[in-house]
Amino acid sequence: MSTSKVASMHDAVADLVRNGDTVAIEGFTHLIGFSAGHEIIRQRKRDLVLARMTPDLIYDQMIAAGVARKLIFSWLGNPGVGGLNGIRRRIEPASLAPGQVPLEIEEYSHFGMVSRYTAGAAGLPFMPLRSYFETDLPKANPLIRPIRSPFSDETIYAVPPLNPDVTIIHAQRADANGNTQVWGLLGCQKEAAFAADRVIVVVEELVDEAVIRADPNRTIVPGLIVDAVVVDPYGAHPSYVQGAYDRDNRFYLDWDPISRDEAVLQQWLRDWVYDLPDRAAYVEKLGAERIASLKPGSAPSGSVEYGDYR
Amino acid sequence: MSTSKVASMHDAVADLVRNGDTVAIEGFTHLIGFSAGHEIIRQRKRDLVLARMTPDLIYDQMIAAGVARKLIFSWLGNPGVGGLNGIRRRIEPASLAPGQVPLEIEEYSHFGMVSRYTAGAAGLPFMPLRSYFETDLPKANPLIRPIRSPFSDETIYAVPPLNPDVTIIHAQRADANGNTQVWGLLGCQKEAAFAADRVIVVVEELVDEAVIRADPNRTIVPGLIVDAVVVDPYGAHPSYVQGAYDRDNRFYLDWDPISRDEAVLQQWLRDWVYDLPDRAAYVEKLGAERIASLKPGSAPSGSVEYGDYR
Amino acid sequence: MTDAVVAPAPAPAFSRSEMMIVAAARELAGQRVCFVGVGLPNIAVNLAKRTVAPELELVYEAGVFGAQPARLPLSIGDPTIVTGATAVVSMFELFAFYLQRGLIDVGFLGAAQIDRFGNLNSTVIGPYDAPKTRLPGSGGACEIAINAKNVFVIMRQSARSFVKEIDFRTSPGNLGGAEQAEAIRRAGGWNGRGPSVVVTDLGIWHFDETGEMRLDSLHPGATLDEVRSTIAWEPKISEHLEATPAPTGEELRLVREELDPGGVYTK
Amino acid sequence: MTDAVVAPAPAPAFSRSEMMIVAAARELAGQRVCFVGVGLPNIAVNLAKRTVAPELELVYEAGVFGAQPARLPLSIGDPTIVTGATAVVSMFELFAFYLQRGLIDVGFLGAAQIDRFGNLNSTVIGPYDAPKTRLPGSGGACEIAINAKNVFVIMRQSARSFVKEIDFRTSPGNLGGAEQAEAIRRAGGWNGRGPSVVVTDLGIWHFDETGEMRLDSLHPGATLDEVRSTIAWEPKISEHLEATPAPTGEELRLVREELDPGGVYTK
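Chains as they are written, first to last, in the working numbering: chain Z, 1 to 310; chain X, 1001 to 1310; chain R, 2001 to 2267; chain D, 3001 to 3267.
Same shape as in the complex, but just chain Z (with noise of 0.2 Å):
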């Protein structure tokens, strides 16, 4: 029934992104793949489209190691803390070093990007809502137009869809099929897996097939539209795991100063990830003391019955 697409995230990134795609990795404030989005810069990666609603720290990241050319985004910021400081020199004029291409981008609210995953998810050439009016959002950004309802003569806007090469997302566990499980906050990561042509799955955990099936309601993403599951525990560090671990604030403050200097960012990116491996290595980097920190109190769900019908 289930054929393995267990991988390693070296043979993940290397099969399934290619230069010049668009990739989406997902995850708002929670699970986002800094262990995928790693291996795209140790890779070298060139020319790609980055989409992504927060492109926070790891966009940040990748951007100052010269893999995108272009961003589509809807919220620039290091949640809590500030700005992104490697992306803003790419984009502020007096920032850009000379004869640098500014990054490229595509700008839209939330509620934009949500709808754009969405109407890719479903198969839709627009998605209508209810945003932008009397906003300079629609001159910014071309591709925020307006409809008229066919029902009610309302003109609201429409958006298109959102069709990445590449969707990465990380959840708390999937089966070697990539049947892929998520609680806690759920983002936008089922609309953008559904929207893509491939999808890798990275996991804390990789469980039985009995477990997912034991619980079908919490399966958002079923392992016909995944490519590949990665197992990385961790790899979502800095950022956070309902139930596993919390989000490194630390690491949200440190990158501030870090990222402020050229210099000192790109000495981290070699530290931390060109130097490194794979995810392992940056778990033991960053020291087991460090990681049990982390860890939260219990606060279980509870079980619920499904009923055995025969």
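Check the hints yourself; a few may be wrong.
Said to hold, decoys possible - No farther apart than 30 Å at their CA atoms in a straight line, the calculated lysine-lysine pairs in the DSSO-like style are these: (1) X/Lys1070 to R/Lys2164; (2) X/Lys1070 to X/Lys1139; (3) X/Lys1139 to R/Lys2164; (4) R/Lys2132 to R/Lys2149; (5) Z/Lys5 to R/Lys2149; (6) R/Lys2164 to X/Lys1005; (7) R/Lys2132 to X/Lys1070; (8) R/Lys2164 to R/Lys2236; (9) D/Lys3164 to Z/Lys139; (10) X/Lys1005 to D/Lys3149; (11) D/Lys3164 to Z/Lys70; (12) Z/Lys295 to D/Lys3164; (13) D/Lys3149 to D/Lys3236.
Said to hold, decoys possible - Partial list, computed: chain X residues near chain R (C-beta under 8 Å): (14) Phe1028; (15) Glu1191; (16) Tyr1240; (17) Gln1267.
Since the hints were derived computationally from the structure, they do not count as laboratory data.
Just so it is clear, CB atoms sit at the ideal spot from N, CA and C, and this is done for glycine as well.
Keeping the supplied structure of chain Z fixed, place chains X, R and D upon it in accordance with the hints.
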């Protein structure tokens, strides 16, 4: 925090369902609100517009009892058994009693109905979908209208929002504030509830708020939009509740001969609806043995860890 | 049963409904993701999963992907399709993210009427506004016919159902012919290529290059006269007409003992 | 602390940020459902829930309804807003079924620039295509301003942020004035009535009948000269200008000990 919304079925229906209302009792084969439908019959509500994807036995009973003037639907049948004879007699001219007004119908496909509820729940003036091409449905229903994409020059179809005055759903459990959890088939209950002005939730079990909060990803409807919580164990019989009881298929088979004869059907309504005060009396009349025969074996979901973060 | 090892058992007797179900199940060999409809499709697909297509992923419009029903589901919303499934989702997600997105290989439909181009009616007999017989209506059939990559049809033949002109087009097939249908499907961005097979109680039909049904296989015991007398048009018959192999003992055992012990679909 | 029973403690000292947060929290009295933004709104709303609005339902755009954070969330996606919440849903559902459906009473926004009519910029300083300072952008701010029934704004006053003309309109306020804004909001079917209050480090502003900000309350220690020198236009001052009551000891204790022990927002 939680003002109790717990009410008897009598009071909930008396307070919240008004003659002439558009009423949606949703639940796709699973969790069909029979006890609520029976109370609407018992209170002799009139001129209702009944919306439901699959107006199965419960709407056959309600329409035969004379509560409705119009039906909005997408599949009209006794699932796995045959037709709905009570409703057909109100639609087929050869079967109408002399002078009887035919039931008005407004017909969609399943995805059309789901999309109507989704538009209603999302506050959108329409929902686009890739259905209806080259079919006779848009001719039969002028509310299915073409819409042109502002991006691709494609013309697809759109349906308008469906915003019931009252939506009634049956669920495994809720707290006194109406925070409601469902597992197993989800149908379109969430969308139908968010689309409605008023919501009645009928549950197998009233639980403490802490049970809901232990697993927030299972909540399909928040108390915010709920007006009344009715505790009616076995209220979905003869349909089923995942984990609690099986579909009583014998009744679905029995309904076919009962409903073929208008007099037999009306006698059934007297015996099982009008002459009984509530669902508890119905369950008693059904008998402990029949109820016990519907109990499934055990298949627990297992518990997941949310983590305590302080 | 022990002497079956030395001498093959005689070919078992079977009903025409059983032959139809078995033939439909066999057509699913090699398919991956199948959208299961109520009634005959339900039993045919469940038989296929136990025989020619163990890898088949069953999708139920009620919101289930990867069902592993422990019994024949009584309806397309039976609790047995939920317990042990891979994923259970809202119907919006099922129709939008699975069907409309183009992930369904085969949609399996029945109908009350079919025409020579595989257009289907499951809505009404007679005029829509004053029906002679009011049928269930589309359910998901309209969008399955448009968005499933291939459509399999299963229905019993009769001159009332294999008609020159259907009374209502619920599910588009090859429209007025293959050329027109292909152009419209391409221009409209449909996921589906239209109907590919019609399995009846008498034989197996595919669609020729003009988009019209052609009888490619005749079931054991059925005759061409019977086929012609149960169709309201002069049907195309393949020059290489085959004989459908009779159901095997194992196929019949599965149908009779596991899938439909009550004989609801097979009588 | 025991002698506090016989003699009231002297009014405690407090910072302007603390006054701003406390004043913003008090404005939430009587509100039911609040959409919580990142940063200052986050702490103000969490303070309100512990003081004037215990029934307040906290909605986080990350997909949480009825959060009961056990600590001050570090961001709007902190795991503490999930554990113990009433409902956790996809962001599509949060934005579509809660915000766009019109279930949110108060949306709480900050911004980099505001004009006299409460229009907000959180996108860019300078030209969009060649920014002097690139800011975070809309996030949910654009749709919150359109679809939350009321919008509360919290931001520090300065001549660089309270400007005659904002560089980019991310979130519509009263547009060019109340009459125009009301007509456009009604005709367009917006859920929201627009901004209703702006709480700053110097005072509390509401909007008069022309849709322009008017200072209704001055915080302790702030002067009208200061107010005028931190605004790029000549501000309207209420004829019945009030003095904002100083933070109570309990309000300050909650901010300092429970909500922001690190002083991130209150320094």
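Hint check results:
1. X/Lys1070 to R/Lys2164: Answer violated: X/Lys1070 to R/Lys2164 is near 33 Å, above 30 Å.
2. X/Lys1070 to X/Lys1139: The hint holds at about 19 Å.
3. X/Lys1139 to R/Lys2164: Distance ~21 Å between X/Lys1139 and R/Lys2164 Cα, so the pair holds.
4. R/Lys2132 to R/Lys2149: 33 Å, violated
5. Z/Lys5 to R/Lys2149: 25 Å, holds
6. R/Lys2164 to X/Lys1005: 58 Å, violated
7. R/Lys2132 to X/Lys1070: With Cα atoms ~19 Å apart, R/Lys2132 and X/Lys1070 stay inside 30 Å; holds.
8. R/Lys2164 to R/Lys2236: Holds. R/Lys2164 to R/Lys2236 sits at ~14 Å (cutoff 30 Å).
9. D/Lys3164 to Z/Lys139: Given pair D/Lys3164, Z/Lys139 holds - Cα atoms ~21 Å apart, limit 30 Å.
10. X/Lys1005 to D/Lys3149: It holds: about 25 Å lies between the C-alpha atoms, which stays within 30 Å.
11. D/Lys3164 to Z/Lys70: Not OK: D/Lys3164 and Z/Lys70 at ~33 Å, beyond 30 Å, violated.
12. Z/Lys295 to D/Lys3164: Status violated; Cα separation ~49 Å.
13. D/Lys3149 to D/Lys3236: 25 Å, holds
14. Phe1028: 5 Å, holds
15. Glu1191: Cβ of X/Glu1191 sits 6 Å from chain R, so the hint holds.
16. Tyr1240: 6 Å, holds
17. Gln1267: Violated - the Cβ of X/Gln1267 stays beyond 8 Å from chain R, reaching only about 24 Å at its closest.
Of the numbered hints listed earlier, those contradicted by the structure are 1, 4, 6, 11, 12, 17.
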